[in-house]
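**Student:** Add chain B to chain A, keeping to what the hints say.
Top to bottom, those sequences are chains A and B.
In terms of this note's numbering, the first sequence opens at residue 1 and continues consecutively.
In terms of this note's numbering, the second sequence opens at residue 1 and continues consecutively.
It should be emphasised that the hints constitute simulated quantities derived from the structure, not laboratory data.
Every residue, glycine too, gets a C-beta built ideally from N, C-alpha and C.
Keep in mind that a hint or two might mislead.
Below, simulated DMTMM-like cross-link-like pairs (lysine to aspartate or glutamate); rule was C-alpha separation at most 20 Å, straight line [stated by the list, open to error]:
no.	chain 1	residue 1	chain 2	residue 2
1	B	LYS137	B	ASP20
2	B	LYS60	B	GLU84
3	B	LYS60	A	GLU222
4	A	LYS187	A	ASP230
5	B	LYS54	A	GLU222
6	B	LYS4	B	GLU152
7	B	LYS51	A	GLU221
8	A	LYS119	B	GLU19
9	B	LYS60	A	GLU206
10	B	LYS111	B	GLU90
11	B	LYS51	A	GLU222
12	B	LYS54	B	GLU90
Simulated coverage check for chain A against chain B, where a stretch passes if three residues somewhere in it have a Cβ under 8 Å from a Cβ of chain B [unchecked claim]:
no.	stretch
13	147–154
14	209–218
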Amino acid sequence: MTLDLSMNKYADVSMEEKERLFAEVKADERWHHVLYGCYECGICVASCPSARFYDFSPRVIAQAVAREDVDLIYTLMNDSIWDCSQCFSCDRCPRQNSPGQIITVMREVAVKNGLQTAKQALEGYGRIIYKIMSTGSQVSPDMLQPDAFPDWGVHVNEIAENLDIWRKALPPETLHTTETGWTIDDKTIIELYLIWHMTGVMDLIEGIDEGLFMILVDVMEERLEDAGYDVTFD
Amino acid sequence: MISKVNECVLFTNLHYKVEDNTWVRVNDDGTVTVGMTDVAQSLAGPVLHAKAKKVGTVRKKGRPIATVESGKWVGPVKSPISGEIVEINENLASQATLLNKSPYNEGWVVKMKPSALEEDLADLLTGEEAVKAYQAKVDADGITCTHIEGTEEY
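If we strip away everything but chain A, and leave its shape as in the complex, we get (with noise of 0.2 Å):
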């Protein structure tokens, strides 16, 4: 297995542009938590769910960064960094470095700066991000579609079909939904979506999913509105 360098999946940029968005990740106040000095002592790669399945290595990250090889860098923050499943089991690290929470920086640098393969690593994730940031629930028990998930087994078509029976079967009335994970109420969404709208994240989803972007607006500046809240996005 080798790191693909070849550059030709990557939209091909100036080094001063390399060198802009490193210095960016270095900008952020997390960085000088994440990263201190590397032995090679693989235990990173060792504990890496990642590191098992996909050509990804967190010592690889953290010895790029430390190194600051932007030409590297550049390749790490349209390629590897999306193989991360963001777990922080490489937190053990004895050196206290954190290949996961640079890589956290570096996603979010590869999101504002609107990086094509930000835009498609994410693509798959449209429902998620909808769900979160409309619902404040991540998960919603009717993503269980054999479509979506047939790697749950043949059992997924007969929950898909009855969801609604399997959710009222459980004990607690607030996770009588299939649309959203839990009962959330009125007041837990509109701080939510001033919160999306106090931080600037809506910018972010913006730059990344056009459409994505239209449809929360529609719901957020509908709900706030309702709420008594003069709010807009665009």
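**Tutor:** The following block gives chain B in isolation, referenced to the frame of chain A:
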């Protein structure tokens, strides 16, 4: 009347906004019916929820008139024309897969009263021109349409 490109059905009498995968049918009463194309339903997969904006909503072309959700995907139906929503397809609330099974007939999304129909139609493609544009699109994106059980026969 009906054409197929890579198994994707197109009605040549409709007007298409190819990049948004929507169609417009001009009705005799001055309204237009708007819906999603066969390509759109195929890319989305079996639809779980389709929620149209309320009757009376005024939309400029390019703005969302409905939200469609499938297992892992969500996206807007962008209005191909400017105007006011005068009717929504109530059947989609309980049978969202009508969008998959009958995208050009029973699975229509909204009816609108257009505000600048002639001007907006000039931006849309119809007939052989639309078929050619779709052929180029499905070839470029590697799309072959798939149809779920119960899909309308054409």
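**Student:** Take the hints in turn and mark each one as holding or not.
**Tutor:** Hint check:
| no. | hint | result |
| --- | --- | --- |
| 1 | LYS137(B) <-> ASP20(B) | holds (11 Å) |
| 2 | LYS60(B) <-> GLU84(B) | holds (9 Å) |
| 3 | LYS60(B) <-> GLU222(A) | holds (17 Å) |
| 4 | LYS187(A) <-> ASP230(A) | holds (16 Å) |
| 5 | LYS54(B) <-> GLU222(A) | holds (11 Å) |
| 6 | LYS4(B) <-> GLU152(B) | holds (14 Å) |
| 7 | LYS51(B) <-> GLU221(A) | holds (16 Å) |
| 8 | LYS119(A) <-> GLU19(B) | holds (18 Å) |
| 9 | LYS60(B) <-> GLU206(A) | holds (19 Å) |
| 10 | LYS111(B) <-> GLU90(B) | holds (11 Å) |
| 11 | LYS51(B) <-> GLU222(A) | holds (14 Å) |
| 12 | LYS54(B) <-> GLU90(B) | holds (11 Å) |
| 13 | 147–154 | holds (count 3) |
| 14 | 209–218 | holds (count 5) |
Of the numbered hints given earlier, the model fails none.
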